[in-house]
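Asks: These are the residues of each chain, in order.
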Amino acid sequence: MSETPPPDQPDGDAPGTTRRRALMLGAVGASAIVSIRPALAQTQASVVNCEIPVPDAGRAGSYIAADGSVVPAGTPGAFPPASLPFKGQDVKTALSGGQLPGTTYEQNQAYVKYIRRLQSGTSGFTCFASLQMPRG
Amino acid sequence: MGLTGSAMGKAMVMQAMIFRAEPAESLRIQALDDFTLIFHRRSGLTHLVTAPAPEILAILQEAPLNRDELLARLGERYDLEDASPAALDARLAELIAVGLVEVQ
Amino acid sequence: MRIGPVGFRVGSDWRAPIAELERLYADYPVPEGGIPDFNVRLFAARPWRRLLRPAVVLGGDFVLPEAAPLPLAQGLLAAEMAMNLQMALGQRRYLLLHASAVERDGRALLMTGLSGAGKSTLAALLAARGWRLMGDEFALVDPASGLIHAFPRLVSLKNEAIEVVRAAVPGGRFGPLIAGTPKGDIRHLVPQTQSIARMAEPAQPALILFPRFGFEPAQRALRASEVFVRLTQASTNYVALGERGFEAMVRLVREVPARAIDYPNADAALAQVEALWGES
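Just so you know, the protein sequences line up as chains F, L and U, in that order. Residues 1 to 136 (our numbering) make up the first sequence, in order. Residues 1001 to 1104 (our numbering) make up the second sequence, in order. Residues 2001 to 2280 (our numbering) make up the third sequence, in order.
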């Protein structure tokens, strides 16, 4: 299968007739998708033993707003930084609906949003990326 | 009809659900031999997919549809050899599981 | 020291591993501008473990806290593993393939597969036959150009391969025999002078091989999709590189032919390799 081809191939001989490409939906038990699994076999331990500081080291001391953005320290309504980086395992749990250790409900919401917005290059991103293992 | 209450209920729910695909700008699609590779920008994940997944995604990207509408649309555009709602449900479930389709 | 485009600084609680590294990496340049990309530390888990049954814990910019310490006698191995770990976990500029790479005429041969498949051994043997060793553990793919960049560390040889390579490379400089590791006996081979001198020269990937040791000679062509899945399995930083990694990998599998080869011994393998290279 290539990129989605044009659905109708007009038949040259008979204007108005279209020849459609054959397509199979496949068996109920079969699979049409394989997600690429990161090859972290030899670094499997690092998946749950890496750490994510909130916020990153480059912006240590800044606060986290309720929407996860990084704001100046003392901004009203924002939360102070986490005193210690969070362990990968704890972040993984929080991403599935649990709560980061030592946080209130709102603080947890803000921190999790911050983590979800991590970009490549920010400390903690590698850890965050490695937590997103495909299912299955 | 022989369907239990819950099975009937489940069938009705599946029929009512509307499915929406990740928009085209979120996906980087590359074809290789028999397979299609999809890089999903939002999740950073890479998926290797075969027919009918790319075809389903393309149709749902045009507009969200429920399962019966999707099956009909597929039948219009392709020569469907095994037009089974159960099979389509299975394909949709897979796409939902990897985050390429969501229930609206 | 600098290995290919990557600079390392290695610190240690013990002198011995550092002395060994200095001896074996004597011909390598220092990091560019004196600034390392990665720091590696070999340290004692507890202060008294420096002296009493000394055990080396691997430290550095990236760590595996659960990794078991190694005995000091395997300190060189520890340093090599620690450098590998920094690359595996921290490399972002290049897409890393867990493959050996050798170069001839500006074109690179990549060999990848499970541990024990022979990628390091075959690379060492090809280097003895005039190929330039680019690396035995990691091949670096530049996402922008698609070229392979060299990372010629000490070649890690295990068990039977040690004698095979010693016989084939009579003038070779080898590290100490490190016995009793989880993978058996290990010895390191220092890459030849030209390999070190030319380590900044990239090469165009021309052939990807998936060798398998211990079978009657056989080969088959691999489709791009299969190569894609296998190579991503063999990349420690594919996911971290995101879309850049995706594009780089797609380009590689589209443009470079791939073969799986089975071989019963080194001579058979080398014959197959040379034949396939001639066709590529």
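The set of hints was computed from the structure by calculation and includes no laboratory data. Be aware that a few hints might be false.
[To be verified] Just the calculated beta-carbon pair ranges, DEER-fashion: (1) A1086/L / L95/F: 51 to 59 Å; (2) R2129/U / S96/F: 30 to 38 Å; (3) G2184/U / P1023/L: 26 to 34 Å; (4) P2264/U / R20/F: 47 to 55 Å; (5) I2035/U / T93/F: 54 to 62 Å; (6) L95/F / E1069/L: 30 to 38 Å; (7) E1069/L / G74/F: 27 to 35 Å; (8) A2144/U / L84/F: 36 to 44 Å; (9) P1085/L / G98/F: 46 to 54 Å; (10) L2051/U / E106/F: 32 to 40 Å; (11) S1043/L / R20/F: 53 to 61 Å.
[To be verified] Here are some chain L residues pointing at chain F (derived, C-beta under 7 Å): (12) A1024; (13) S1026; (14) R1028; (15) H1047; (16) V1049; (17) T1050; (18) A1051; (19) P1052; (20) Y1078; (21) L1080; (22) E1081; (23) A1087; (24) V1098; (25) E1102.
Don't be surprised by glycine CBs; every beta carbon is placed ideally from N, CA and C.
Asks: When the structure is checked against the list of hints, which entries are broken? Sort them ascending.
Replies: 1, 2, 3, 5, 7, 9, 10, 11, 12, 13, 14, 25
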